[in-house]
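So for the sequence shown, the working numbering puts the first residue at 6; every next one is plus one.
Careful, some of the hints might be misleading.
Capping the alpha-carbon separation at 27 Å, the derived lysine-lysine pairs in BS3-like fashion look like this [to be verified]:
{"hint": "1", "residue 1": "15", "residue 2": "71"}
{"hint": "2", "residue 1": "75", "residue 2": "38"}
{"hint": "3", "residue 1": "16", "residue 2": "112"}
{"hint": "4", "residue 1": "15", "residue 2": "38"}
{"hint": "5", "residue 1": "38", "residue 2": "71"}
{"hint": "6", "residue 1": "38", "residue 2": "16"}
{"hint": "7", "residue 1": "89", "residue 2": "103"}
{"hint": "8", "residue 1": "89", "residue 2": "75"}
{"hint": "9", "residue 1": "112", "residue 2": "123"}
{"hint": "10", "residue 1": "135", "residue 2": "86"}
{"hint": "11", "residue 1": "103", "residue 2": "86"}
{"hint": "12", "residue 1": "71", "residue 2": "135"}
{"hint": "13", "residue 1": "86", "residue 2": "15"}
{"hint": "14", "residue 1": "112", "residue 2": "38"}
{"hint": "15", "residue 1": "112", "residue 2": "71"}
{"hint": "16", "residue 1": "135", "residue 2": "103"}
{"hint": "17", "residue 1": "135", "residue 2": "15"}
Keep in mind the hints are simulated off the structure, nothing from the lab.
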Amino acid sequence: MEKNQSMANKKCFCDTGLPFDDCCGLYLRGNQKASSALALMRSRYSAYATYNADYLMETTYVSERKYYSKPEILRWAVSNKWQKLEILSFTENTVEFKAYFLDSDNKPQVHYEFSTFKFENGAWYYVDGKFE
Numbered sequence: 006m007e008k009n010q011s012m013a014n015k016k017c018f019c020d021t022g023l024p025f026d027d028c029c030g031l032y033l034r035g036n037q038k039a040s041s042a043l044a045l046m047r048s049r050y051s052a053y054a055t056y057n058a059d060y061l062m063e064t065t066y067v068s069e070r071k072y073y074s075k076p077e078i079l080r081w082a083v084s085n086k087w088q089k090l091e092i093l094s095f096t097e098n099t100v101e102f103k104a105y106f107l108d109s110d111n112k113p114q115v116h117y118e119f120s121t122f123k124f125e126n127g128a129w130y131y132v133d134g135k136f137e
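Please put together the full structure from these sequences, using the hints given.
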């Protein structure tokens with residue numbers, strides 16, 4: 006369900022200012038693995054914005070996947086209009102961020118999360134997050 010062909014010159018959803026195809030598009034289309042926890046987090050935000058539930062499941066750490074449902078991820082992604090990503094802080098394996106979106110009633114919402122990531126077998130994975 007990815008909105009892809011028409012995104013060639015579109016700016017990436019993750020707010021780097023780069024074109025989608027030169028930023029998160031590289032990861033979402035499977036051409037490259039994210040090079041850092043921060044790059045993975047940005048690409049996961051873009052995956053929500055492009056309704057790419059497969060990518061979100063694949064980049065979740067294996068032991069954590071049982072807590073997620075692809076249909077539920079997709080339902081939540083599609084029911085919101087993703088506005089902006091704001092990175093608050095990051096380390097090698099953590100990212101603190103705010104994701105801004107309009108909910109199904111078109112009301113502005115902010116999702117705050119302090120996420121933890123793990124590097125294993127040559128790839129970064131989302132492990133879990135603390136929310137406010």
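Here's how the hints hold up against the structure:
no. : hint         : verdict
1   : 15 with 71   : violated, 34 Å
2   : 75 with 38   : holds, 21 Å
3   : 16 with 112  : holds, 24 Å
4   : 15 with 38   : holds, 21 Å
5   : 38 with 71   : holds, 22 Å
6   : 38 with 16   : holds, 20 Å
7   : 89 with 103  : holds, 8 Å
8   : 89 with 75   : holds, 23 Å
9   : 112 with 123 : violated, 34 Å
10  : 135 with 86  : holds, 22 Å
11  : 103 with 86  : holds, 14 Å
12  : 71 with 135  : holds, 18 Å
13  : 86 with 15   : holds, 16 Å
14  : 112 with 38  : violated, 34 Å
15  : 112 with 71  : violated, 30 Å
16  : 135 with 103 : holds, 12 Å
17  : 135 with 15  : violated, 31 Å
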